[in-house]
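Enquirer: Given next are the chains, with one letter for each unit.
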Amino acid sequence: MNFDLTEERQMLQDSLRRFLRDKYDTATRNAILDSDTGFSAEIWAELAELGVIGALFSEEDGGFGGAGFDLAVVFEELGRAGVVEPMLDSAVLGGGLIAALGDDTQRGLIDEMIAGSLHLALAHGEPSSRYDLSRVATTATENGDTITLSGRKAVVVNAEAADMLIISARESGDVADEDGISLFLVPTDFAGLSMRGYPMIAGGRAAEIVLDDLTIPASFRLGPAGQAWSALAARVAAAEVAIAAETLGAMETATELTRGYLMTRKQFGRPIGTFQALAFRFADMLTELEQARSAVINAAGHLQADARIRDMQIAAARNLLGRVARQISEESIQMHGGIAMTQEYELAHIAKRITMADHRFGDTDTQLERFIALSAA
Amino acid sequence: MDLSYSAEEQAFREEVREFLAKDLPKELSDKVKNRSDMGKEDFDRWHAILNARGWLAPNWPREFGGCEWNAVQRHIFEEECAYANAPRVVPFGLTMLGPVLQKFGSKEQQERFLPRILSGEDWWCQGYSEPGAGSDLASLKTKAERDGDHYIVNGQKTWTTLGQFANWIFCLVRTDPNVKQQEGISFLLIDMNTPGIEVRPIILLDGTHEVNEVWFTDVRVPVENLVGEENKGWTYAKYLLTHERTNIAGVGFSLAGLDAVKRMARSEMAGGRPLIENPQFAARLAQVECDLMAMATTNLRIISKAAVGQAPGVEASMLKIKGTDIRQEINDLARRAAGPYAMPFASEAVGDNDPLGVEGAAKSAPAYFNNRKLSIFGGSNEVQRGIIAKVKMQG
Ligand SMILES: Cc1cc2nc3c(=O)[nH]c(=O)nc-3n(C[C@H](O)[C@H](O)[C@H](O)COP(=O)(O)OP(=O)(O)OC[C@H]3O[C@@H](n4cnc5c(N)ncnc54)[C@H](O)[C@@H]3O)c2cc1C
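These protein sequences, in sequence, are chains C and L. Sequential numbering from 2 applies to the first sequence in the numbering used here. Sequential numbering from 453 applies to the second sequence in the numbering used here.
Just so you know, not all the hints are guaranteed correct.
[To be verified] Straight line, CA to CA, 27 Å or less: simulated DSSO-like cross-link-like pairs of lysine-lysine: (1) L:K690 - C:K267; (2) C:K267 - L:K478; (3) L:K714 - L:K555; (4) L:K593 - C:K267; (5) L:K593 - L:K714; (6) C:K267 - L:K595; (7) L:K684 - C:K267; (8) C:K267 - L:K842; (9) L:K478 - L:K492; (10) L:K478 - L:K593; (11) L:K492 - L:K474; (12) L:K478 - L:K632.
In short, the hints are calculated from the structure, not lab data.
Let the hints inform the model, and build the full structure from the sequences given.
Expert: Written out as structure tokens, the structure is:
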């Protein structure tokens, strides 16, 4: 047993933490939130420079990491600082799927991604798919050497900034079958593809996408026809590890802010942290934070395991996180009083990151259902 | 023991329903339902409609233009209004200042201010809290010094709800710094147009402009705007707080909110079935509903005591805690129900005509965040627990 970070990961954590502390304070981040693009190209370039994107890819893909713990280290730091740049969607999902399924030409894009000069987005969820990963109603019809895509994609994070989209569509089977799903790598300026963008509550932007008989060359297909499921599930698993670690980082910040406030805010002539009614709840927050940390370690440590074990660990971790993250976010706000209700205050954004993470890839209830199904199997 | 409403109360409910069906403009109820931003003109419009019917001031005595409803009638009215998505009545003039002026104000003050609250000429806001004085309100520092027939006010109030619409503010100010905190506070009425007052917006975490900072620099306030006696303001402030507590449980809001969540969960699909059939979600929904059913009765038990003249004491604190817990839980269910469509920030830019997700999804997360305030303001839930424990253990 060894719960220490490797030297490389420790260095990455230190340098990323330092960078974000110096460059990503509340005012800078809030200005980014209000900007038209919803993220800073400059910060993105600097993150690439620091090797943050490279850490998310394995050596054979041109990076120097790519394991569960690499994702966990990076995303915990991003979470601590409430970073809104689309690392998860562009790199982990987008880049990761190309790494998993791409042919040699397509894989050439990973270098660009690691260098910070390419943006991607995964257009997978649909207006009524909620958290069902295999529910794909969008169709792909092959016609000689072209393929026509029709359907709608919902809440596609980073779609507007992306140079290319990875679009899921069904080539065969029933609407919720795992078999029959294909992925296609499509430049966003392709005719027939329209999007309606909007900002998101916790920062960043997403879009609704309409594929109105979008006709593309068959060479845009990523991997074999109708067999994208297992790669997709594995990549979403990686994204879940990432978002779990990000939430953990955000919870650490919420807890630190609360600690500071409890010790400095005075009412009735004394620091409010001296009221036992608050002190005990703060102690509970710390205890749950350690539980959350262990859950993230479990999930990250099993990212490369068999699908069933991997998914059980991830479901368990995210179920726990969904519960304790809510507790920590709500308790932090409550124990701050009015100040935490203001947009300017760091905790407001952190609480939104924590809460909205529960809306990606399955909320705490969905995770419990998955866990029950997997543990009964 | 009889759980039913009397025939008179039933008839009253019918009367309220008819009124709402006829006189509540659809534009207003749509705004409430969709949680669209309400402007001053929206609140003014609803006040005017209620005033025309004579129902704007349920808790005021008849001599001042109120309807003198008892607590059960008020409860019925509030419940029906919530179901009909009526805008809330802005409480600062009507439920807070009004009763204080009626009990402690001079005849001149009553004649000058009360009619203008009803007519909508004056919009009041509440200047209690300060940056350093929240739960510990009595530590407030904004000071008022006597200078001839004026007070000179200096200091800062904060969290002033809808102060941007107000032309008057009632303030707690320090008039004697040399005595026990509670004994040096006075209750002043201040015209917001007086030179030296500055209102600065505070944007809340859901992006709304609902509260403000109000700064006072050498603001001259005529002494006739002092309510009651100098240095007795704490007594009036406490009296006001007991009135702030009517409808504290917000049962109507919870009932309406729960209905809305059920509607969402019937349309939202999960695993190819309506979300409302999902065992996890159904269990959460049922749990809140069980709590709410009991709380509705707790609420009625307490207010029917009040109806026969027994003032609710610690029970009001209990209702505040339970009522806000339940409302916040319902807000949490709504954002859960929305699924991935809770994530978009539903600014007007997204377009009201083509909403994202099921009806109610767009504002579910902002409402969840905004209503974290419920357990913070009006005496935080910790402060309420302190009151319950203190009263019950120390008598
Ligand atoms: C949206 C909003 C609207 C508001 N509108 C108005 C308004 O119109 N006018 C107005 O005057 N005020 C208004 N308020 C202010 C509100 O009344 C205060 O926020 C409230 O009194 C709490 O004060 P505080 O925010 O300074 O928190 P603090 O008093 O600093 O409390 C911080 C935390 O400490 C806890 N705490 C404090 N003392 C104790 C104790 N003895 N034991 C245990 N726990 C304790 C609190 O419960 C809270 O959790 C509003 C607030 C909000 C958020």
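Enquirer: Is the straight-line distance between the alpha-carbon of K684 of chain L and that of K267 of chain C 27 Å or less?
Expert: Roughly 25 Å separates the two Cα atoms, so the pair holds.
Enquirer: Keeping to a limit of 27 Å between CA atoms, is the pair of K267 of chain C and K842 of chain L held or broken?
Expert: Roughly 21 Å separates the two Cα atoms, so the pair holds.
Enquirer: Do the alpha carbons of K478 of chain L and K593 of chain L lie within 27 Å of each other, as the hint requires?
Expert: Distance ~45 Å between K478 of chain L and K593 of chain L Cα, so the pair is violated.
Enquirer: Is the straight-line distance between the alpha-carbon of K690 of chain L and that of K267 of chain C 27 Å or less?
Expert: Holds. K690 of chain L to K267 of chain C sits at ~22 Å (cutoff 27 Å).
Enquirer: What's the verdict on K714 of chain L and K555 of chain L, does the C-alpha distance respect the 27 Å limit or exceed it?
Expert: Outside the cut-off at roughly 44 Å; violated.
Enquirer: Need the status of pair K267 of chain C, K478 of chain L: alpha-carbon distance at most 27 Å?
Expert: With a Cα-Cα distance of about 47 Å, the restraint between K267 of chain C and K478 of chain L is violated, given a limit of 27 Å.
Enquirer: Is K478 of chain L within 27 Å of K492 of chain L, Cα to Cα?
Expert: Roughly 17 Å between the alpha carbons, so the hint for K478 of chain L and K492 of chain L holds.
Enquirer: Verify the proposed pairing of K593 of chain L with K267 of chain C, using a straight-line Cα cut of 27 Å.
Expert: holds (14 Å)
Enquirer: Next pair to validate is K492 of chain L with K474 of chain L; report whether the Cα-Cα distance is within 27 Å.
Expert: Holds, because 22 Å separates the two Cα atoms, which is no more than 27 Å.
Enquirer: Take a quick look at whether K267 of chain C and K595 of chain L sit within 27 Å of each other, Cα to Cα.
Expert: The given pair, whose Cα atoms are some 20 Å apart, holds under the 27 Å limit.
Enquirer: Starting from K478 of chain L, check that the Cα of K632 of chain L is at most 27 Å away, please.
Expert: The given pair, whose Cα atoms are some 52 Å apart, is violated under the 27 Å limit.
Enquirer: For K593 of chain L and K714 of chain L, compute the direct alpha-carbon distance and say whether it is at most 27 Å.
Expert: This hinted pair is violated, its Cα atoms lying about 47 Å apart.
The structure fails to meet hints 2, 3, 5, 10, 12 from the earlier list, while all remaining hints are met.
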